[in-house]
Every structure is written in C-alpha cells, then in structure tokens.
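S.K.: Generate the whole structure from the sequences, applying the supplied hints.
Under this note's numbering, read the sequence shown as residues 1 to 269, first letter to last.
Simulated from the structure, these hints should not be mistaken for lab results. Glycine included, each C-beta is placed from N, C-alpha and C at the ideal position. Wrong hints could be hidden among the right ones.
[Said to hold, decoys possible] No farther apart than 35 Å at their CA atoms in a straight line, the calculated lysine-lysine pairs in the DSBU-like style are these:
| id | residue 1 | residue 2 |
| --- | --- | --- |
| 1 | Lys83 | Lys45 |
| 2 | Lys151 | Lys77 |
| 3 | Lys45 | Lys77 |
| 4 | Lys66 | Lys51 |
| 5 | Lys134 | Lys151 |
| 6 | Lys77 | Lys66 |
| 7 | Lys151 | Lys179 |
| 8 | Lys83 | Lys51 |
| 9 | Lys134 | Lys45 |
| 10 | Lys51 | Lys134 |
| 11 | Lys77 | Lys134 |
| 12 | Lys45 | Lys151 |
| 13 | Lys66 | Lys45 |
| 14 | Lys66 | Lys134 |
| 15 | Lys83 | Lys179 |
| 16 | Lys83 | Lys66 |
| 17 | Lys51 | Lys77 |
| 18 | Lys134 | Lys83 |
[Said to hold, decoys possible] Distance windows between CB atoms, simulated:
| id | residue 1 | residue 2 | range |
| --- | --- | --- | --- |
| 19 | Lys77 | Ser164 | 42 to 50 Å |
| 20 | Pro200 | Lys77 | 47 to 55 Å |
| 21 | Glu266 | Asn6 | 23 to 31 Å |
| 22 | Thr214 | Ala35 | 50 to 58 Å |
| 23 | Gln187 | Glu100 | 15 to 23 Å |
| 24 | Arg82 | Ala250 | 24 to 32 Å |
| 25 | Thr63 | Pro9 | 23 to 31 Å |
| 26 | Arg262 | Asn48 | 56 to 64 Å |
| 27 | Arg167 | Pro9 | 22 to 30 Å |
| 28 | Ala140 | Val242 | 33 to 41 Å |
| 29 | Asp8 | Pro40 | 16 to 24 Å |
| 30 | Val246 | Pro9 | 42 to 50 Å |
| 31 | Thr63 | Arg262 | 49 to 57 Å |
| 32 | Pro40 | Gln187 | 51 to 59 Å |
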Amino acid sequence: MAPRQNPDPLLETFAAELRARREAADLSRNRLAEALGCSPQWIAKVENCEKPPSPDFARDLDTYFKTGGTFHRIWEKFNDLRKRRLIPTGFRPLAEAEQEATEISIFAPILIPGLVQTEDCARRVLSAGQHPDKAEEMLAIRLARQAILTKPDPPWMFLLVGESVIRDLRPETRTGQCKRFLDVIAQHNVSVQVLPVHAPVYESSGFQLLGFNTSPDVAYIEGAGGHGRMLTDAHDVHRLTVLFNVIRSAALSAEESENLIRLIMEADA
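M.R.: Below, the structure is given as structure tokens:
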C-alpha cells in the first residue's frame, strides 16, 4: 500500500479551526451536520484532511460560527495555491510576469498563444492527455489570464503568428479562432501580424518578450509540456528582441494580416 501523502498545510489549518470551533461549542459532528444540512461523514473527512472543503461549506461555517469570513479566507488561499500548482513549474514565472507587464511581444510559430485562444481552442489544447476535471480547471485558469487584455490599463501586445498555425486548426475551431483574432485586433492595444507560409523564418521555438514600467525587460522561451524558461540576462533579452524584429520584417502588415484572417474565416463559412 502506498504511503499516505502529507495533507496540505492550509487544509490542516482549516480542519484544525473547524474541530476547535466545533468542540468549543460542544457540538458533535452529527449535530453540526444537521445544522448545516450536510452529512457527519463529510465533516469527518474534512476534519481528517481526507477531502478539501467546498466554498459553500466554508461560507456556511462562517455564518454558523460567526467567524467573519475566517473559513472562507482559508479556503480561498488553499484554492489559489491549488490553481497555482496546476500551472507547469516552468510556466509559472511567465503567468506571474504577464500580470505586471506593460508590453508583451509574442512569436507563435506552432500554437495559438493562450492569451488569445478561444475557449474551444484552449479546451482542445489542454484536454490532450489530461483528466477531464483537471483539463477544465486548467481551462478556467487560461481564460482568466486573458483578462489582462481588457483591464483598465492593459498592456500593449504585439503578436506574430504563423499562417499555418491558423490554417492547421480544425474547421470547427478555426472559424471561432479567426473571429477571436478579429475581435482582439479591434482593441487599440493589440497588433496581430501573420507570417505567410513561405516567409523565410526558420525559428521553430516560440518565445515572448515582456516589458515593464519599473523593472528590466525579460524573455520567455517556450518548452514542451510547459517546461519553458525565463531569461533575465539583458544580453539574452536584447538578442531575442532583435530576433523578434527580424521575424516581424517578414510578416504581413497589420492590415494585410487582418484581411487574410478574414478570408480564412469566410472560406470556412
């Protein structure tokens, strides 16, 4: 039998707080379960760290014990940490840096970037080899990342995407993805340029450049399975900045790119 893993410290904190409050009120699990409308077995599993609490359970405990949101705050911290763990280790620095970036430049020769994927496209990408429940959680995280493009002070985003990346999508996904491109192009802070199929560009690995108001620029090089790496050395970042501009010189103009995307979308109609 495999050894039991140590429970999450935040789950232990939640369980200890629950047990302490229940015992201080001289409540059995049965009586508390009756008051909250759940089963004593559920309370036992939470107290023994065998099951994570639900947000509704945390709110019910706060209401019953009049704890001013203590249980729900513990649950929120646990849930935030759990979501963070779903993000591949190598990708976490990029996901965090995006939140503070004022300029994001993306070269995408293989895959539609997560920041502009439709829900359908993202689900297809994330579902490959994943349990459906985990894939849905990862999907929610990816869609939440996209909110940076529509926040009150959004970053500038410059996207170079290969024509073949768009054309290779399944027809039922491609139409929606083209519409998504057209929608983001309409935003004042987003520029999308397409690299024609025969453009003399031979860089097979995608990368991103991120600029900040008060911090040095950084770069991120994509890797299989989310095992990319962040570059902070100024010389390395500068070299990739030059490379991005060289690649950009082979791309269609923003207007030509928009027209091509529209033609691809209309061809599927």
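S.K.: Against each hint, give a clear statement of whether it holds in the structure.
M.R.: Structure-based check of each hint:
1. Lys83 / Lys45: Satisfied, since the Cα-Cα distance of roughly 22 Å is no more than 35 Å.
2. Lys151 / Lys77: Distance of about 23 Å is within 35 Å: holds.
3. Lys45 / Lys77: holds, 20 Å
4. Lys66 / Lys51: holds, 23 Å
5. Lys134 / Lys151: holds, 27 Å
6. Lys77 / Lys66: holds, 20 Å
7. Lys151 / Lys179: At roughly 20 Å apart (the allowed maximum being 35 Å), Lys179 and Lys151 satisfy the hint.
8. Lys83 / Lys51: At roughly 16 Å apart (the allowed maximum being 35 Å), Lys51 and Lys83 satisfy the hint.
9. Lys134 / Lys45: holds, 22 Å
10. Lys51 / Lys134: Holds, at about 16 Å.
11. Lys77 / Lys134: holds, 19 Å
12. Lys45 / Lys151: Outside the cut-off at roughly 40 Å; violated.
13. Lys66 / Lys45: Between Lys66 and Lys45 the Cα gap is close to 22 Å, so the pair holds against 35 Å.
14. Lys66 / Lys134: Since the Cα atoms of Lys66 and Lys134 sit roughly 34 Å apart, the hinted pair holds (cutoff 35 Å).
15. Lys83 / Lys179: holds, 29 Å
16. Lys83 / Lys66: Between Lys83 and Lys66 the Cα gap is close to 28 Å, so the pair holds against 35 Å.
17. Lys51 / Lys77: holds, 16 Å
18. Lys134 / Lys83: Status holds; Cα separation ~10 Å.
19. Lys77 / Ser164: 42 to 50 Å: holds, 43 Å
20. Pro200 / Lys77: 47 to 55 Å: holds, 50 Å
21. Glu266 / Asn6: 23 to 31 Å: Check failed, 56 Å falls outside 23 to 31 Å.
22. Thr214 / Ala35: 50 to 58 Å: holds, 51 Å
23. Gln187 / Glu100: 15 to 23 Å: Holds, at about 19 Å.
24. Arg82 / Ala250: 24 to 32 Å: Violated, since Arg82 and Ala250 (Cβ atoms, about 43 Å apart) do not stay within the stated range.
25. Thr63 / Pro9: 23 to 31 Å: holds, 25 Å
26. Arg262 / Asn48: 56 to 64 Å: Check passed, 58 Å falls within 56 to 64 Å.
27. Arg167 / Pro9: 22 to 30 Å: violated, 48 Å
28. Ala140 / Val242: 33 to 41 Å: holds, 37 Å
29. Asp8 / Pro40: 16 to 24 Å: holds, 23 Å
30. Val246 / Pro9: 42 to 50 Å: Since Val246 and Pro9 have Cβ atoms about 48 Å apart, the given range 42 to 50 Å holds.
31. Thr63 / Arg262: 49 to 57 Å: holds, 53 Å
32. Pro40 / Gln187: 51 to 59 Å: For Gln187 against Pro40, whose Cβ atoms are near 53 Å apart, the range 51 to 59 Å holds.
Checked against the numbered hints listed earlier, the structure breaks hints 12, 21, 24, 27; every other hint is satisfied.
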